[in-house]
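K.L.:
If you want the building blocks of each chain, they are given just below.
There are 2 protein chains.
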Amino acid sequence: MSKKNKHTSALSEQKGVSDPEMTNISSIKNIRNKRRSQPSAEDLISGILKGDVTALSRSITLIESTSSTHLEKANAIIKGCLPYANKSIRIGITGVPGVGKSTFIEAFGNHLTQLNKKVAVLAVDPSSSLTKGSILGDKTRMETLVKNTNAFIRPSASGDSLGGVARKTRETIILCEAAGFDTIIIETVGVGQSETAVHSMVDFFLLLKLAGAGDELQGIKRGIIEMADTIAINKADGDNLKQAKLAKVEFNRALHLYPNKDSNWQPKVTLCSALENEGIDAIWELILAYVNTTSTNGYFENKRQEQNKFWLLQTIEERLKSDFFKQAKIKEALKKQIVLIEAGKTTPFAAADYLLSLS
Amino acid sequence: MSKKNKHTSALSEQKGVSDPEMTNISSIKNIRNKRRSQPSAEDLISGILKGDVTALSRSITLIESTSSTHLEKANAIIKGCLPYANKSIRIGITGVPGVGKSTFIEAFGNHLTQLNKKVAVLAVDPSSSLTKGSILGDKTRMETLVKNTNAFIRPSASGDSLGGVARKTRETIILCEAAGFDTIIIETVGVGQSETAVHSMVDFFLLLKLAGAGDELQGIKRGIIEMADTIAINKADGDNLKQAKLAKVEFNRALHLYPNKDSNWQPKVTLCSALENEGIDAIWELILAYVNTTSTNGYFENKRQEQNKFWLLQTIEERLKSDFFKQAKIKEALKKQIVLIEAGKTTPFAAADYLLSLS
Numbered sequence: 001m002s003k004k005n006k007h008t009s010a011l012s013e014q015k016g017v018s019d020p021e022m023t024n025i026s027s028i029k030n031i032r033n034k035r036r037s038q039p040s041a042e043d044l045i046s047g048i049l050k051g052d053v054t055a056l057s058r059s060i061t062l063i064e065s066t067s068s069t070h071l072e073k074a075n076a077i078i079k080g081c082l083p084y085a086n087k088s089i090r091i092g093i094t095g096v097p098g099v100g101k102s103t104f105i106e107a108f109g110n111h112l113t114q115l116n117k118k119v120a121v122l123a124v125d126p127s128s129s130l131t132k133g134s135i136l137g138d139k140t141r142m143e144t145l146v147k148n149t150n151a152f153i154r155p156s157a158s159g160d161s162l163g164g165v166a167r168k169t170r171e172t173i174i175l176c177e178a179a180g181f182d183t184i185i186i187e188t189v190g191v192g193q194s195e196t197a198v199h200s201m202v203d204f205f206l207l208l209k210l211a212g213a214g215d216e217l218q219g220i221k222r223g224i225i226e227m228a229d230t231i232a233i234n235k236a237d238g239d240n241l242k243q244a245k246l247a248k249v250e251f252n253r254a255l256h257l258y259p260n261k262d263s264n265w266q267p268k269v270t271l272c273s274a275l276e277n278e279g280i281d282a283i284w285e286l287i288l289a290y291v292n293t294t295s296t297n298g299y300f301e302n303k304r305q306e307q308n309k310f311w312l313l314q315t316i317e318e319r320l321k322s323d324f325f326k327q328a329k330i331k332e333a334l335k336k337q338i339v340l341i342e343a344g345k346t347t348p349f350a351a352a353d354y355l356l357s358l359s
Numbered sequence: 001m002s003k004k005n006k007h008t009s010a011l012s013e014q015k016g017v018s019d020p021e022m023t024n025i026s027s028i029k030n031i032r033n034k035r036r037s038q039p040s041a042e043d044l045i046s047g048i049l050k051g052d053v054t055a056l057s058r059s060i061t062l063i064e065s066t067s068s069t070h071l072e073k074a075n076a077i078i079k080g081c082l083p084y085a086n087k088s089i090r091i092g093i094t095g096v097p098g099v100g101k102s103t104f105i106e107a108f109g110n111h112l113t114q115l116n117k118k119v120a121v122l123a124v125d126p127s128s129s130l131t132k133g134s135i136l137g138d139k140t141r142m143e144t145l146v147k148n149t150n151a152f153i154r155p156s157a158s159g160d161s162l163g164g165v166a167r168k169t170r171e172t173i174i175l176c177e178a179a180g181f182d183t184i185i186i187e188t189v190g191v192g193q194s195e196t197a198v199h200s201m202v203d204f205f206l207l208l209k210l211a212g213a214g215d216e217l218q219g220i221k222r223g224i225i226e227m228a229d230t231i232a233i234n235k236a237d238g239d240n241l242k243q244a245k246l247a248k249v250e251f252n253r254a255l256h257l258y259p260n261k262d263s264n265w266q267p268k269v270t271l272c273s274a275l276e277n278e279g280i281d282a283i284w285e286l287i288l289a290y291v292n293t294t295s296t297n298g299y300f301e302n303k304r305q306e307q308n309k310f311w312l313l314q315t316i317e318e319r320l321k322s323d324f325f326k327q328a329k330i331k332e333a334l335k336k337q338i339v340l341i342e343a344g345k346t347t348p349f350a351a352a353d354y355l356l357s358l359s
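If you read the sequences in order, they're chains A and B. If you're matching positions, the first sequence starts at 1 in UniProt numbering and goes up one per residue. If you're matching positions, the second sequence starts at 1 in UniProt numbering and goes up one per residue.
The set of hints was computed from the structure by calculation and includes no laboratory data. Be aware that a few hints might be false.
Below, computed lysine to aspartate or glutamate pairings styled on EDC-like, alpha-carbon distance capped at 16 Å [unchecked claim]:
1. Lys87/B - Glu301/B
2. Lys261/B - Asp237/B
3. Lys309/A - Asp353/B
4. Lys79/B - Glu342/A
5. Lys335/B - Glu342/A
6. Lys303/A - Glu226/B
Label-pair distances were calculated between CB atoms; the ranges are [what the hints assert, rightly or not]:
7. Asp262/B - Tyr354/A: 25 to 31 Å
8. Lys321/B - Gly344/A: 24 to 30 Å
9. Phe325/A - Val146/B: 41 to 47 Å
10. Phe325/B - Gly98/A: 42 to 48 Å
11. Leu246/A - Ala289/B: 40 to 46 Å
12. Tyr354/A - Val146/B: 37 to 43 Å
Values in this document were obtained by computation on a predicted structure and should not be read as measured data. By construction, the Cβ of each residue, glycine as well, lies at the ideal position given by its N, Cα and C atoms.
Start from the sequences and build out the full structure, keeping to the hints where you can.
P.N.:
Encoded structure:
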């Protein structure tokens, strides 16, 4: 069975093979490749600051990783980039599927790069972690923007929770800004609370609409119309144009029912056709006017600080909850308390007091 | 100065006064009175179960107290009442100030007691703790119901937070039910999240509206119309009647835009005049129809269990937050981290991680 039994006699010893060289050339190659594929945090930071898109992409991958060693490295990179961040206009874009978001972002992004802007396009799509899809996954939907050297497109990070996805996107913004991208576009699709999350990380919120789509009630109910700094009615071309003009009047009337915003900015309604590249420049002009108004009255900077505080508290609250409920003893006791509540033997409040006393 | 100096000689000793009797009659009276005013938890429970309104009122006062000894006693009373609770219809009533809530509740309550119902009227009004007022404080607004022996009216508990007020109201419901009240009415005024809190503790949610008040957008925005099981257009009398009928058509149209409810109950719109006692009986018939539908399809019981779970989790989350943020070291470190965030020296996420590591 063992080799020992096979070669008991010294006579049967086979011809010796010379030892391998101490310095194995292919090993060295492997290590070199490995080092090249895992640059240090310092290397990545200096790459990002030079505007190197490969360093940026690799760093974002570290941010999106769930490994704890990656996390440490990602945090070092974010810290290194932080002093160079913050110098951009962050624009949120939302709209129901079919409104033409991809076509719009492509036309809008190309318009901006023609104005010598550097544009990063990110996405917050909490559904992508479930469906394994991503609203920006299919880059072919933005054919020309993908090839544009002044544009950087990154699909949505996946994650267990909207909070997790949002954190990764927020941190990615910092890296993109440090890499010199001066216009950050964050796309989201109308799923769950994703608009609220995006609204909490951008300076300007653009709502894309279609004429006569009849989803106004949804928009009002979910507070999306209230969040919009501008409503752009897309596909305002050909036979649609007349209806789009009517919709503009309607939305203007709806917007006037809301109280004035703290920004002192009166939300605008505008028409555009991403397909025919109409009205795209006007939207950019509106954004510049917004930045001008809110920078002058201090709202722009103030909002960013409020957003920071929001994310600070939000992150703490989420972690407090998940740290509490993930404890094995709490999981078990929770089940038992729910049974007692259902049997009318305890109240939700007494059960809560008891569970909190266990921790 | 001292007495010693004044009476140095035994000769100056004054005539002795006989010792007081060992059993001081007035003391005994005091102790007896005190005992009478502080009955034991057992006494209060048996009083409540007999339907004694004084025992009920005293117990609710214990629930509302912030003293920890009262809290312990209150918890014992709730536990004792729990097996006898749950047997009522819990009705939430909301509407903006001026809609005629008090007049409506008075007419509705009197109608129910004529049907041999026992009616408890509670309130959730988180604003009352700030203004020191209470929406039910002015009992004179319900003159006849106050005198009705089959009705029990209790003003809103005060509290630091909506969660605190809601908890006290939820626990008060248990006591009222144990005392034999079979219809619990919970009034709230359209302030902050109070409607959502009330919706989470009742079986049936009634929204009072006025014709042409123009607050539909607010109702839709804040999700109140969506919560309503019935919308009653009040003050549908005299010159208002025509407009009220038009409003009924409008609200019916609006309600049809919402998806079907899990309860399988299609929300109704009805007209009433609390002042002229018109349409009050029809609302009670609607509530009975609702209870019948939802008891048959299991939704009624299921909703109560879901509400219990909601309050369990809600209470835990609130306590986790308040326990964390009330720590002196966290308060101090939080301030410092916010300064660092504002200076762009850390991110909200890194600051959150740091603060959580301190706890």
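K.L.:
Hints the structure violates: just list their numbers, smallest first.
P.N.:
2, 5, 6
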